[in-house]
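Sequences listed follow chains A and B, in order. In terms of this note's numbering, the first sequence has 238 at position 249, counting the first letter as 1, and numbering is strictly consecutive. In terms of this note's numbering, the second sequence has 274 at position 285, counting the first letter as 1, and numbering is strictly consecutive.
None of these hints come from the bench; they were simulated from the model. All clues stand as given, with none of them false.
Because identical chains share one entry, a pair is satisfied inside a single copy or across any pair of copies.
Calculated pairs, PhoX-like style, for lysine-lysine (alpha carbon to alpha carbon, straight line, at most 25 Å): (1) 87 <-> 151; (2) 239 <-> 151; (3) 239 <-> 218; (4) 231 <-> -6.
Protein chains: 2
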Amino acid sequence: MTELKNDRFLRALMRQPVDRTPIWIMRQAGRYLPEYRATRSQAGDFMSLCKNTELACEVTMQPLERFELDAAILFSDILTIPDAMGLGLYFAEGEGPKFRKPVRTEKDIEQLEVINTASDLTYVTDAVSTIRRELNGRVPLIGFSGSPWTLATYMIEGQSSKDFARAKTMLYTQPELLHQLLDKLALSVIDYLNAQIASGAQAVQIFDTWGGVLSHAAYREFSLAYMQKIVAGLNTESEGRKVPVILFTKGGGQWLSSMADTGCDCLGLDWSTNIGVARQTVGDRVALQGNMDPSVLRGSDESIRAEVGTILNSFGQGPGHVFNLGHGITPDIDPQKVKVLVDAVQSQSEAQ
Amino acid sequence: MTELKNDRFLRALMRQPVDRTPIWIMRQAGRYLPEYRATRSQAGDFMSLCKNTELACEVTMQPLERFELDAAILFSDILTIPDAMGLGLYFAEGEGPKFRKPVRTEKDIEQLEVINTASDLTYVTDAVSTIRRELNGRVPLIGFSGSPWTLATYMIEGQSSKDFARAKTMLYTQPELLHQLLDKLALSVIDYLNAQIASGAQAVQIFDTWGGVLSHAAYREFSLAYMQKIVAGLNTESEGRKVPVILFTKGGGQWLSSMADTGCDCLGLDWSTNIGVARQTVGDRVALQGNMDPSVLRGSDESIRAEVGTILNSFGQGPGHVFNLGHGITPDIDPQKVKVLVDAVQSQSEAQ
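Build out the structure end to end from the sequences listed, making use of the hints.
In structure tokens:
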């Protein structure tokens, strides 16, 4: 493999010194970019874009052409695993992801099989190796997966949900059944992320989008325990280097200490968390990634620069910070504002 | 006024010893009760029910007839203040609250007038005094209001929202304008809650339903500061007794320490917070209210009892706990499960 020209992101994840704070942006290849919208309309629907290796590579590269970002992230969806399990993922216009065959009964769950990425999800590993070739060592490539709990909520509800009534009913009435589902998902995620790493992913992030809807006790038992199992099951040595693992539980700001004990390398923070307080909580156990409210990008250039300053100062001196938003960038953002953000992170963190 | 026969709830809010942990349930007069649905269909729509003193009193009493609850709560809506300001509140079937005239421009906000409860919201104070008469000292009556930030989000968006794009855009582009709106709302809430207290409310709760969507810094500046102003402006002596103030920010579990410094008496917790950790955080500054996930009520009787035990044990010995759900009870819950909950809180906390 080609030598990595910019390893600022990987070094920060391992809490090693860097010349300035690295930055990437969740959903950086997304609808706020006109060139993304053009490629997507060429591909057809969202999943067709994910499954088209060349186009998935193209959109992955697009934000790097515009902004000096320190990492690329595989263009894909968090729901590829349940799709590969046969649930029939589709995207209804303006409604988010849905499954044709949600998982509701004991029989549904018993019949699910742990995925084999090498045969079931080659479009993902193909995209990883194609993007790596195209990146040619420019910046590292991040692979990712949804967390077992997050995947389970979509699989049980059949779509996103306001209160996760079905998933939580299963949690409180048939916990063993939910554990059976989560176990199959954890094994699938391990296989999936290891395949991404073998194909060239240089860091991986687990998106626990819906862990925050649980009580602390339920989070530990039904979400965190499975993420811990995944961290333990990953082959995190590749190309002579550690592949760092990032855990991101949206709404998990109260549980950072137990998250830091999973053996992961970095915690993603949403914007409700004060990153300085988070750093005190986790100490030198993990790096931190985040955590600007994407809404700040709707504000003036000056207010963006001020918010960047607040976050950098709150984190303080020393290594272990990767700048990011606290959640994915939204489609309404002007790309020019992203340039202001990236420039602000670079110039202000260099000056520190 | 008649002597209060059960002051367990008020004593717990003031962190005084009680014989067992008091319990009430957010939205206890709600659609999960068949008798509520009957009264509501008699009244017409939701706001007609709020504005009909006799029927509002009737539904307030309904849960007390079924369950041994330790408090009643005024039947009303959090959006009465913006409605009184002329925004035209209505409820579209299955869609939640909406405003006919949302607040969008500088002129819209300048034209808003601080409400005068005595002339603009007599249906609320009439309901308070009617319910107090009907309660006849059985349990205390809770008055309430939405927080300024929460009211502002609905007023600016015109309805509930997923990401509060308009409200946050105002926050980051026209903060002074938002402060002007919040200031008028805070003055209105002070007037409104003082009028409820003067009419007989024996405790008040401020519902900050959407404070948790903010960053910590934005929460302090745009939500907490105004709740603090309200706490300072309330006449909390009535009928020779302190009227305790409860602050409830959904998703505010990371900010409990600053909330406890507002001068309020109790913090409401959603279920993402471990109540034992919260108690360590706030020490003897405030009481705590909460915090079972309403979804637990979809589970077996045994799992409800177990969850009650977990929460009571997590809080531990000593005064200052009011049991409640972490959010409003949902319409799908079987009332029989509420009986299991109330019995479990009573028997288990008596045994402690």
